[in-house]
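> This is what each chain is made of:
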Amino acid sequence: MTDAQWEVLSYEGVIAAAVLYFIAMLAYFFEMASLRSAAKEEQQEQEVAVGAEMVLVATRRTAVAGRLGLVLTSFAAVVHLVALVARGLAADPNRVPWGNMYEFTISGTFVVALIFVLSTLRLDIEWLGPLVTTFVVAALMAAFLGLDDAVLPLPDALNSPWLVIHVVSAVISTGAFTVGALLSGLYLAKARSTSTTGYLARVPDLKVLDRLSYKMHAFGFPVWTFAVLITGPIWAHQAWGAYWNWDPKEVWAFITWVVYAAYLHARATAGWRGRNAAMLALVGAATLWFNFIGINFFSSSSQHSYAEGVAPETSVVVGLAGPVKAAEEVGVVVGSDDARA
Amino acid sequence: MTDLRTDLQHRPSDDRQATALPPDLTARELARWSWRQLTSMRTALVLLLLLALASIPGSVIPQENIDSLAVSQWRDNHPRLAPVWDRLDLFNVYGSVWFSAIYILLMISLVGCIIPRLFVYARAARARPPRAPRHLTRLPESTSYTTAEDPEVVLARAATALRGKRFRVDAADDSVAAERGHLREAGNLLFHLAVIVVLVGVAVGSLFGYKGGVIMLNGEDYGFSNNLTQYDDFAPGALFDPDVMEPFSFSITDFEVEWLTEGERAGMAREFVAELAYETEPGGETKSYDLRVNHPLSIGGTDVFLIGHGYAPVITIRDGDGEVAYSGPSVFLPTNAQTFESFGVIKAPDASPEQIGLEGTFYPTFAMGRDAEGNLTMPASVFGDAFDPLVSLFVYTGDLGLDDGTPASVYVLDKAKATQVVEDDGQPFRMDLRPGDTVTLPDDLGTVSFDGLQRWNKIQVSRSPGKMVALAGVVLALLGLLGSLFVRPRRMWVRARRQDDGTTLVEVARLDRSSAGDPEDGAAEIAEVVAALQGETPETKTRKTEEDES
Ligand code: HEM
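As they're listed, the protein sequences go chains A and B.
Here the first sequence stands for residues 1 to 341, numbered as in the UniProt record's numbering.
Here the second sequence stands for residues 1 to 550, numbered as in the UniProt record's numbering.
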């Protein structure tokens, strides 16, 4: 296959995956809706004995919808993976599919879906399906509409084995933190809700949400530490000549790390649970996503100011603390010191 | 009983809590109290969150040591705010007093917190598991059953079973106490200690290290040797000692760029290789190294990086007397990363009758831009490689400001006292030169020729002594963190007592001391222990009997 064909295949794969996630989402919504009516009927049942049979039918239908949702999500994830691989094969030379924001988003959403599907094997977490599929569908649409970019070879600075290690770990921890944030958000919503029917009533009780959210964060934090404080600096050292440069991307990766450290700390030492911990987790997720998206679009500061003539993609390459800048620096080269010299 | 309960929940790390200030303090008590506040958990948490908050301004406001050019632009645009920002150290956030204060306080707090915990841990590591609380079944995770077996038999079996599950076991009269998961606290201590190691490594690097940059023309004629005078820019640490600079030297013998010629980013450079000929010490053997992005050259503790490149047109200026007033390559700085359109100046202060200064643009691949109607617009470079190089220069004469002794940038022409050379019609005089061209300046000022093209590389040299310490620190921190997060410390107790009716009441309880104990896991572990006690599975039964016989 030619590169162009791979590229088309990748786009088709992403679309197919998005459609599958969407159908999965519908299945989950259907499940939620029929749960609500089942719950209502259950209430009526006390008065009218006839309801019992309908409840039974409804629960079976519900269970099928729920299982269908999970199967479709898993299947979508497989297609999603194929699309990712095709994206990498579309580049010449072949490379990892992490050259720009579009590629990052489709990789990050894949990890979110994957973490969800894998978690269902070990944890009772299927009820998170509606949220996860909604999130993934929305993020994929945003990637498609807003972030699409051509398949380009990696600039020299990104061409390093550290790219693979650094990015894999960053994307995995981003996925875990994102699922954690969904759980924390769910916690806060459920804590406020008094409804006895509907989705919020169906998700497990607050204690379980709190603990699951903690587990996601406890998993994500060491991986993030590895990505941001070990592989990032090693790579930055190789490409830029300094392992830590206080570049806005690095600053925000550090802020995210400190906030999540505070989150774990608060839980372990101050005994924060539930609401406070959930809020802190959401602050962490906000810094994480701000770094991923916000910094690329809003940061006018220092590092990129001299790269005005450069196509915007170059400053957007790779939503990471990684040495993106080096690519530009090599082009534009000379910093301020020379101008003063 | 409240005592017992707090003791059960107690972790070695829980000692330090912020307390209210007691009345009537002596100075000593006040000091003690302040120390306790500083090393309390709450303070640590507040300081952590403050550190995150304090990092934000530095990502928004340009920073002096990262991009001083942006800082000076910012100052020009905000003349009113700049002094205020200066007073608040906002152009140097990460070296500011207030930022340092936060992390130094955090470190003091950390040390003050860690040292006592180390002692507590040392004691706890040797301690026996705490005795069974009186009311075992009041613990959230507990169960009980009755059996006809003797209490001693049950307890002996409990001890074996718990040992088999790698618990540390201590038997008392009517009960067995067991504990495991000490590694969690060890991991947590390791993590916090390692944070200090990282900081020491980083501090050593920034105090004793240095970072310098130099623009080097390609060719064996241009050499660099590693001493202060050779750098264009140099940023030493506060305690930097020039004696530690490794005495290496190098020149760039060849430089190659691979350009993208097709696709959306055509014209971008993709790969750069600078071939270095270097000697690690004067008179040493000359070696060669292909310096590339991501492939620094390490010499001793110093690393040499390729971080940029550009063009240096070779220009010769002859003055009005026909004397060569200037000849050689001049470094032009790229203003566009993609097309390598570059800006530069050339100064000939010794020209007579008047000093001559040239300023202009270099286009590696020259083309005139065209607007929608096809009219010619601004000239531009369309490609980074030098397919059709052209340098376009304006001329200034008079006082170039070089004689009054104030340092001047070689990249900036001081036009304050110079006059621009103009055509008869008053338009600025401009010359466009291709390699080999010579242009005669008006007013018998002389001639300018474009003899050829040279390339230059921006080389960065840096030495950060503590980097391996810092790296080891983070790796240790990560290991400690894994222990701290995933080892689950827990205690279990089994009590067996003969009841009045002759049967034996067996109580089993468990206490999870980690942050994420699952009730399901706890129930499962209790169930396993109970199963072992009741000898449910055939294997355990036979194993038990064998043990009994032996
Ligand atoms: C650089 C600053 C610090 C960072 C990044 C940090 C980070 C962390 C993290 C991520 C945890 C969670 C590990 C877990 O859940 O087991 C933790 C736990 C803990 N930290 Fe810190 N910490 C810092 C400073 C401090 C200070 C100053 C103190 C003492 C006042 C302290 C005392 C503790 C204690 C007691 C625990 C819990 C241990 C346990 O769960 O048994 N930390 N810290």
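Honestly, the hints are just simulated from the structure, not real lab data.
Where a beta carbon is used, it is the ideal one built from N, C-alpha and C, also for glycine.
Among these hints, one or two may not hold up.
Across the chosen pairs, the derived CB separations fall in these ranges [unchecked claim]: (1) A/F290 to B/Y145: 32 to 42 Å; (2) B/R370 to A/N94: 53 to 63 Å; (3) A/L118 to B/E528: 20 to 30 Å; (4) A/F290 to B/T261: 46 to 56 Å; (5) B/V244 to A/E12: 31 to 41 Å; (6) A/F290 to B/Q230: 37 to 47 Å.
Calculated lysine to aspartate or glutamate pairs in the DMTMM-like style (CA-CA distance at most 20 Å, straight line) [to be verified]: (7) A/K207 to B/D500; (8) A/K207 to B/D232; (9) B/K165 to B/E141.
Partial selection, computed: residues in chain B whose CB lies under 7 Å from chain A [unchecked claim]: (10) L48; (11) A52; (12) S59.
> Hint by hint, note whether the structure agrees.
For each hint, the structure was consulted:
1. At about 55 Å, the CB distance of A/F290 to B/Y145 disagrees with the hint of 32 to 42 Å.
2. The supplied range of 53 to 63 Å is broken by B/R370 and A/N94, whose beta-carbon atoms lie about 38 Å from each other.
3. Range check, A/L118 to B/E528: about 26 Å between beta-carbon atoms, so the 20 to 30 Å window is met.
4. Between A/F290 and B/T261 the beta carbon distance is about 38 Å. The supplied range of 46 to 56 Å is therefore violated.
5. For B/V244 paired with A/E12, a C-beta distance near 59 Å fails the hint of 31 to 41 Å.
6. Against the hinted window of 37 to 47 Å, the Cβ-Cβ separation of A/F290 and B/Q230 comes to about 42 Å, which satisfies the hint.
7. Among the hinted pairs, A/K207 with B/D500 is inconsistent with the structure: their alpha-carbon atoms are about 41 Å apart, more than 20 Å.
8. Restraint check: the Cα-Cα separation between A/K207 and B/D232 comes to about 61 Å, which exceeds 20 Å; the hinted pair is violated.
9. Using a Cα cut-off of 20 Å, the hinted pair B/K165 and B/E141 holds, with the two alpha carbons roughly 18 Å apart.
10. Checking B/L48 against chain A by beta carbon gives a least distance of about 4 Å; that is within 7 Å, so the hint holds.
11. Interface restraint check: B/A52 against chain A, minimum CB-CB distance 4 Å, threshold 7 Å, status holds.
12. This hint holds: B/S59 has a C-beta 4 Å from the nearest C-beta of chain A, less than the 7 Å allowed.
Of the numbered hints given earlier, the model fails hints 1, 2, 4, 5, 7 and 8; all others are met.
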